[in-house]
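Novice: In case you want the letters, here they are:
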Amino acid sequence: MVTDFENNTWVINYSLEDYYNRKFSLEEDILLSKSNKTITWVNTYGLEYMDEFRKMVLSNELDDFLLRLLLNQNFGNKVIELEEQLFIAARIIKTENHNLESEQMFFVVAKDFVWCIQEKWGDHFDWIRARIFDNKGIIRKKKADYLLFFILETLISNYKEKYEEMVLMENMLDRATKMEPTPEFMFEVENKKALIQQFKKASHGLRDIVNRLERVEVKGFHTKYFSELREQINGLTNDIDSDTQELESQINLFFSIQGHRLNEVMKTLTIFSVIFIPLTFLAGIYGMNFENIPELKWPYGYFVLLGLMLVVTIISILIFKRKKWF
Amino acid sequence: MVTDFENNTWVINYSLEDYYNRKFSLEEDILLSKSNKTITWVNTYGLEYMDEFRKMVLSNELDDFLLRLLLNQNFGNKVIELEEQLFIAARIIKTENHNLESEQMFFVVAKDFVWCIQEKWGDHFDWIRARIFDNKGIIRKKKADYLLFFILETLISNYKEKYEEMVLMENMLDRATKMEPTPEFMFEVENKKALIQQFKKASHGLRDIVNRLERVEVKGFHTKYFSELREQINGLTNDIDSDTQELESQINLFFSIQGHRLNEVMKTLTIFSVIFIPLTFLAGIYGMNFENIPELKWPYGYFVLLGLMLVVTIISILIFKRKKWF
Amino acid sequence: MVTDFENNTWVINYSLEDYYNRKFSLEEDILLSKSNKTITWVNTYGLEYMDEFRKMVLSNELDDFLLRLLLNQNFGNKVIELEEQLFIAARIIKTENHNLESEQMFFVVAKDFVWCIQEKWGDHFDWIRARIFDNKGIIRKKKADYLLFFILETLISNYKEKYEEMVLMENMLDRATKMEPTPEFMFEVENKKALIQQFKKASHGLRDIVNRLERVEVKGFHTKYFSELREQINGLTNDIDSDTQELESQINLFFSIQGHRLNEVMKTLTIFSVIFIPLTFLAGIYGMNFENIPELKWPYGYFVLLGLMLVVTIISILIFKRKKWF
Amino acid sequence: MVTDFENNTWVINYSLEDYYNRKFSLEEDILLSKSNKTITWVNTYGLEYMDEFRKMVLSNELDDFLLRLLLNQNFGNKVIELEEQLFIAARIIKTENHNLESEQMFFVVAKDFVWCIQEKWGDHFDWIRARIFDNKGIIRKKKADYLLFFILETLISNYKEKYEEMVLMENMLDRATKMEPTPEFMFEVENKKALIQQFKKASHGLRDIVNRLERVEVKGFHTKYFSELREQINGLTNDIDSDTQELESQINLFFSIQGHRLNEVMKTLTIFSVIFIPLTFLAGIYGMNFENIPELKWPYGYFVLLGLMLVVTIISILIFKRKKWF
Amino acid sequence: MVTDFENNTWVINYSLEDYYNRKFSLEEDILLSKSNKTITWVNTYGLEYMDEFRKMVLSNELDDFLLRLLLNQNFGNKVIELEEQLFIAARIIKTENHNLESEQMFFVVAKDFVWCIQEKWGDHFDWIRARIFDNKGIIRKKKADYLLFFILETLISNYKEKYEEMVLMENMLDRATKMEPTPEFMFEVENKKALIQQFKKASHGLRDIVNRLERVEVKGFHTKYFSELREQINGLTNDIDSDTQELESQINLFFSIQGHRLNEVMKTLTIFSVIFIPLTFLAGIYGMNFENIPELKWPYGYFVLLGLMLVVTIISILIFKRKKWF
Ligand SMILES: [Mg+2]
Ligand SMILES: [Mg+2]
Ligand SMILES: [Mg+2]
Ligand SMILES: [Mg+2]
Ligand SMILES: [Mg+2]
Ligand SMILES: [Mg+2]
Ligand SMILES: [Mg+2]
Ligand SMILES: [Mg+2]
Ligand SMILES: [Mg+2]
Ligand SMILES: [Mg+2]
Ligand SMILES: [Mg+2]
Ligand SMILES: [Mg+2]
Ligand SMILES: [Mg+2]
Ligand SMILES: [Mg+2]
Ligand SMILES: [Mg+2]
Ligand SMILES: [Mg+2]
Ligand SMILES: [Mg+2]
Ligand SMILES: [Mg+2]
Ligand SMILES: [Mg+2]
Ligand SMILES: [Mg+2]
Ligand SMILES: [Mg+2]
Ligand SMILES: [Mg+2]
Ligand SMILES: [Mg+2]
Ligand SMILES: [Mg+2]
Ligand SMILES: [Mg+2]
Ligand SMILES: [Mg+2]
Ligand SMILES: [Mg+2]
Ligand SMILES: [Mg+2]
Ligand SMILES: [Mg+2]
Ligand SMILES: [Mg+2]
Ligand SMILES: [Mg+2]
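Protein chains in written order, with the working numbering: chain E, 5 to 330; chain P, 5 to 330; chain Z, 5 to 330; chain A, 5 to 330; chain S, 5 to 330.
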């Protein structure tokens with residue numbers, strides 16, 4: 005009977021001369037180290053097969069600390085050197101859809117095998133498989149350390165591509181000057197910041213792993229590959245930092261526009277008020293019902309007052325002009 | 005007679021073959037190094053037993069500098085290498101209840117014993133005890149350095165769990181856009197920041213300890229375990245940093261909303277004022293009591309004025325519309 | 005004749021077996037290295053005794069560069085390795101009174117003596133003297149490096165204590181929400197920041213000294229003691245950093261409250277204005293003196309207008325209610 | 005037939021005694037290492053010649069990993085140590101025109117050749133060619149490592165010159181105090197920040213390359229040249245940082261001016277309103293039509309009221325004066 | 005004939021036994037290394053003597069790379085190790101007058117000479133000359149490395165002194181609370197920041213040089229002197245950082261005062277408006293000319309209304325009092 009574990013596991017075995025790729029069978033494929041100079045790459049999708057994991061660990065005489073590690077499914081990012089293997093836990097953001105859920109991946113690596121356990125279906129490793137099957141490049145000449153390098157490089161490249169796809173910064177500063185200073189714009193900016201932050205966190209996670217791998221001492225392992233990876237991650241990190249700064253610029257612009265609007269609004273109100281308040285007061289004066297207001301009886305009193313109001317208005321306007329209020 | 009110290013102290017002794025767990029007795033258990041390849045773990049709850057501490061130090065021929073160290077009960081975080089022992093002081097936040105009080109812990113560690121002195125009752129070490137009693141995993145094969153690693157890992161995991169429990173950041177950005185920009189919201193944000201800060205401080209304290217432990221040179225001590233711990237703390241620290249940034253985003257949003265509200269309020273006032281001020285002025289003009297105001301005698305003066313007012317109003321509204329004020 | 009220098013200098017000499025403590029005499033005590041395995045600790049209060057300093061340097065065959073160093077009385081923090089001595093300059097804040105003046109201290113240290121020159125009277129070293137006289141702890145077994153460690157530890161502990169005494173942060177966030185957003189509050193916050201800054205500067209000065217001492221190579225000197233000191237300073241530095249962040253939180257709160265107040269004030273003004281401006285305009289209309297205003301002659305014109313005003317008011321209030329302005 | 009590749013490739017070969025400079029020919033020049041102590045410098049403009057690249061790699065027995073690297077044309081900044089060569093990818097900003105487009109450059113370097121592949125036509129290396137042709141300085145005595153140093157130094161100097169040309173900071177603070185606080189000014193500031201940011205990113209890219217080169221271990225390579233480069237980049241980086249801070253100062257000034265303007269506007273409005281509101285109210289009182297208002301019948305009621313209004317006005321003005329509102 | 009170069013160059017030569025100090029002569033003094041254990045210090049004021057520089061380089065068999073370096077007169081800060089000499093370029097701020105112009109200095113240093121080329125006349129090295137001539141201290145016992153140390157120390161001390169002279173921070177926080185929140189104050193703060201920034205840049209330049217000198221490997225050079233210099237620079241840097249923070253505090257205070265003023269202004273306006281708006285409305289009502297307004301005919305209507313207005317005013321004032329608006 006084929007177990008669930010076997011249904012969700014594939015094995016690839018290759019050497020310079022040959023390779024095979026097939027569904028995993030607990031009977032035939034359980035030995036990860038073939039002791040014939042071939043490299044084995046096992047992929048398991050799903051974390052719930054603790055029984056089979058135990059069988060794998062025991063049959064391959066792996067460090068039983070591994071079982072404890074596999075039980076803990078919310079591991080974050082970690083590199084643990086076991087006796088002759090390396091255990092790597094990586095929290096990967098899945099870039100397939102736009103809500104950016106994350107996936108836990110585990111790698112058990114020795115000099116001649118990589119066992120990769122992924123929380124969720126699907127990965128971005130098909131181009132590696134193609135290189136193995138078609139014997140492209142040097143992968144079939146190299147050991148498992150090189151395969152691990154390829155896997156991690158794929159994760160990083162994927163981050164890079166998706167980051168550029170999802171975080172479009174072009175001409176935002178331009179746009180910012182045209183927009184209304186509504187909280188919706190700020191919300192958009194802060195949301196973009198949060199998105200960038202997720203990539204940053206994931207990149208730093210991978211960087212921590214890679215930094216650790218550079219200092220690892222497992223026999224048959226060349227750490228120089230991992231230096232390459234660190235530089236790739238640095239490239240992404242630099243992009244993230246500069247985009248973050250651009251968002252800060254937009255926030256500054258936002259507040260400057262908001263402040264400018266307020267100034268414009270208040271100037272409008274003040275100019276109107278300052279011009280009309282004295283006029284309205286004057287009209288109020290001559291709307292009073294005192295019996296003895298001499299001006300009211302002047303034949304041209306009304307026109308004199310209108311003239312006076314005109315003069316007051318013109319003076320106000322000139323003063324505002326001089327102060328460059330409009 | 006059983007002393008208070010003995011009432012608050014337990015001893016666990018284990019080797020690969022056997023173990024025991026009992027109340028501490030000053031007569032039988034005072035020697036911490038059993039010189040028979042067993043590991044001893046003593047837990048004391050309470051810092052006030054200086055007499056017994058002195059007895060312990062003298063009987064075990066420990067460095068008498070220890071007594072001075074134990075007298076100082078507000079130690080913060082420290083690792084001190086004594087002659088053949090290690091003294092560790094850690095200020096731990098107690099996560100049991102929500103006001104996050106802190107607890108001072110001391111560890112006196114040598115190659116074959118761990119003496120743990122806690123300021124307050126209760127700890128999170130029961131799962132370690134279970135692993136010792138049930139001989140799970142590799143703990144009974146290992147020395148006291150591995151036990152210390154387990155104890156510190158427990159403290160870190162506990163921080164992680166409680167942090168995730170207490171600091172819920174979900175959908176805060178969303179919420180922030182809907183809320184009123186009252187100081188209460190800002191108070192809540194800053195309070196959350198202070199809570200995060202406490203975890204950050206505690207994490208940095210543990211990180212300092214772990215960094216120090218990695219560089220320690222005590223015979224029979226493997227420092228590689230402590231590298232693991234540093235990576236775990238880094239994971240927590242990263243979470244804290246990204247949550248802190250999210251709170252900063254909320255503060256920006258807050259001020260943007262507050263500014264936006266002010267703009268809206270002032271626009272409303274200005275539009276109303278600008279429309280009505282000239283109208284009211286006109287009404288004031290024709291409310292004056294000059295004897296000679298020709299317009300007042302026009303048969304349709306009133307209606308002409310109403311028409312003029314309508315025109316002024318429409319023009320004002322059109323100007324505001326053009327300036328996109330509403 | 006007893007010189008001023010002698011009046012302001014004390015000498016303590018100790019070995020495991022014996023000790024003495026007396027006023028310094030240029031005749032008897034001028035040799036700092038007793039060449040009999042005893043440790044000498046000389047304390048001079050005052051920097052103005054250049055003649056005697058020269059005599060000391062020459063008689064003890066100290067590096068004459070020392071004289072140049074002692075001439076420069078505003079040294080800041082410095083560690084200079086001389087041929088077989090160490091010269092340490094430390095700028096110490098005096099915590100005795102609340103204006104935090106600072107004091108320059110110099111230490112000339114070799115393997116068997118510490119000559120401490122303080123700018124001002126008084127120090128916190130009495131507990132060290134007590135330990136020497138009473139032969140407490142291990143100080144009389146150790147060399148001058150241990151004495152230097154004790155002296156520096158005293159300075160650091162003193163900073164810690166005084167910092168906690170002077171910078172009370174408790175419940176400030178709470179208080180901040182209740183206070184009026186006046187510049188006085190901001191002034192208080194920024195003053196507290198400046199106080200914290202002084203402690204930070206002093207701590208960093210000591211940290212620089214301690215870092216330097218850890219890398220010093222003077223014969224008969226153990227640098228491990230100084231690692232302890234660095235960790236103690238780190239503890240204080242961490243406290244300072246977290247208090248600084250809390251002050252930043254208060255500043256944010258301050259501005260949020262200030263902004264909120266402004267919004268409240270402006271809303272009040274706007275609501276009142278928006279409600280009354282149209283009413284006042286209507287009253288103005290019917291206060292005009294046109295001969296032909298038909299409404300004025302309606303028997304119930306006044307009451308109709310009052311009703312209309314009521315309707316306009318109710319509508320305004322409903323609109324404000326809907327926009328949640330109050 | 006001459007291929008496109010050949011049309012876009014030049015070769016310079018030099019030794020202390022002689023040199024030549026000619027169009028590249030795949031037949032004659034394909035061997036990069038001449039094995040006669042001469043240094044070869046090949047420049048290719050354009051990245052689309054994969055066939056010829058393959059031919060070059062195979063004929064020179066270069067690491068075939070190079071082909072994969074050259075395929076990836078969006079490489080950012082990278083240094084990869086191959087077997088006996090060095091692969092350098094640099095993302096260079098082209099400073100020829102003001103929109104600062106960028107260009108990818110690749111360098112394949114061994115002890116006796118530099119193969120430089122540039123994405124776009126034109127470079128700033130002519131002065132290096134002149135030094136080779138005229139045998140100026142020591143370049144013809146040195147190996148390819150020195151040529152690479154010259155090439156990178158040219159890129160850095162070019163950045164420096166163009167940075168100083170494009171980012172003019174002179175007297176900006178002065179200007180800032182005179183300008184209107186419009187969003188256009190802020191837009192200009194933030195645009196300048198974005199420009200500076202591009203230079204910063206490019207400088208950091210080169211710095212990463214240089215840092216990596218300092219640690220490279222390729223035979224026949226002296227890494228000390230690259231230390232020089234790092235210091236040159238640091239100089240540029242320092243300028244960038246200080247200009248960035250100056251822009252921050254301008255932003256602060258901007259907001260302070262904006263706030264000041266608002267204060268001025270609101271003060272004007274408030275002073276006018278506060279002075280006239282009571283006066284207008286008084287006028288309104290005596291404009292009422294009650295049959296029994298005794299004051300209206302006073303012979304000097306009007307003048308008494310005018311006097312009262314004058315007194316109220318003077319008092320208001322005095323109060324404002326005392327509060328230093330104007 | 006005496007050349008311009010000779011007119012602007014002085015030479016000092018010293019050994020423990022003797023010294024001379026005279027105008028430089030190209031005939032007699034051209035050899036910098038006297039090969040008789042004396043130290044030579046040449047000072048040239050002016051960078052325009054390329055012909056003589058070439059002569060100096062050739063005659064002394066210095067690295068001809070020096071000529072290229074001297075041609076580039078805008079060098080910033082740099083340390084270049086030549087074959088047996090050291091080339092140092094330092095951009096020094098001239099503190100003589102208050103606009104802080106800068107000066108390029110070059111030092112060509114070997115084990116027995118220092119050739120110092122300064123862009124502008126005048127330096128602060130006279131006290132070093134005095135120490136040489138008077139044989140004070142140990143300078144005449146030491147090699148050129150010690151002379152270089154003295155020269156650099158002079159530059160640093162000069163920075164320190166001038167910094168303290170020019171950047172007076174005393175009681176600024178106090179002053180800030182009393183001042184008007186005008187942009188002029190902000191301008192002053194930002195100008196002080198820019199001044200501090202210049203010192204910071206210059207200090208960092210010297211620090212880079214000193215850091216580099218500590219790692220230099222030139223024969224006959226002791227690098228320990230340069231550690232001293234780094235600590236002196238750190239002292240200045242710390243002062244700069246803390247002053248910068250104080251300026252930030254002032255900016256916060258500024259904005260808090262500005263905001264407070266606005267609040268005060270708006271409160272004043274709002275209180276006045278809210279009190280008078282209803283009163284003015286009531287007056288408007290009874291100023292209407294409807295034929296039938298019963299209240300107008302009440303014998304005490306006017307007084308009832310005045311009473312009503314008083315009640316409304318008192319209520320308004322009580323409400324404001326309760327809200328603590330004044
Ligand atoms: Mg991840
Ligand atoms: Mg994926
Ligand atoms: Mg990069
Ligand atoms: Mg981008
Ligand atoms: Mg911000
Ligand atoms: Mg900002
Ligand atoms: Mg602005
Ligand atoms: Mg706990
Ligand atoms: Mg979270
Ligand atoms: Mg991590
Ligand atoms: Mg985590
Ligand atoms: Mg903020
Ligand atoms: Mg905003
Ligand atoms: Mg003191
Ligand atoms: Mg103190
Ligand atoms: Mg700590
Ligand atoms: Mg505290
Ligand atoms: Mg702030
Ligand atoms: Mg706020
Ligand atoms: Mg360029
Ligand atoms: Mg170019
Ligand atoms: Mg520099
Ligand atoms: Mg500049
Ligand atoms: Mg700022
Ligand atoms: Mg301001
Ligand atoms: Mg100077
Ligand atoms: Mg000078
Ligand atoms: Mg210092
Ligand atoms: Mg100062
Ligand atoms: Mg701030
Ligand atoms: Mg404020």
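In case anyone wonders, no lab produced these hints; they're calculated from the structure. Take these hints with a grain of salt, some might be off.
Pairs count within a copy or across copies, as identical chains cannot be separated in the list.
Keeping only pairs whose Cα atoms sit at most 25 Å apart, straight-line, the calculated SDA-like set for lysine to any residue is [said to hold, decoys possible]: (1) Lys147 <-> Trp14; (2) Lys27 <-> Leu312; (3) Lys41 <-> Trp131; (4) Lys140 <-> Glu52; (5) Lys140 <-> Leu75; (6) Lys98 <-> Ser19; (7) Lys325 <-> Asn195; (8) Lys59 <-> Ala134; (9) Lys301 <-> Glu123.
Novice: The structure should be examined with respect to each hint, and the outcome stated for every one.
Specialist: Against the structure, the hints:
In this homomeric assembly, Lys147 and Trp14 come within 25 Å of each other (Cα to Cα) only inside a single copy, at 19 Å, whereas the closest approach across copies is 40 Å. Proximity of Lys27 to Leu312 under the C-alpha cut-off of 25 Å is found in neither arrangement, the shortest distances being 99 Å within a copy and 84 Å between copies. Within a single copy, Lys41 and Trp131 get their C-alpha atoms as close as 23 Å, which meets the 25 Å cut-off; across copies the closest is 42 Å, which misses it. Taking the closest pair of Cα atoms, Lys140 and Glu52 come within 25 Å of each other only across two copies (21 Å); inside a single copy the shortest separation is 35 Å, beyond that limit.
In this assembly of identical chains, the alpha carbons of Lys140 and Leu75 lie at most 25 Å apart only when taken from different copies (14 Å versus 37 Å within one copy). Taking identical chains as interchangeable, the C-alpha atoms of Lys98 and Ser19 are never at most 25 Å apart, the minima being 31 Å within one chain and 46 Å between chains. When the C-alpha separation of Lys325 and Asn195 is checked against a cutoff of 25 Å, the pair qualifies neither within a copy, at 43 Å, nor between copies, at 31 Å. When the C-alpha separation of Lys59 and Ala134 is checked against a cutoff of 25 Å, the pair qualifies only between copies, where the shortest distance is 24 Å, while the shortest distance within a copy is 30 Å.
In this assembly of identical chains, the alpha carbons of Lys301 and Glu123 never lie at most 25 Å apart, being 96 Å within a copy and 86 Å across copies at closest.
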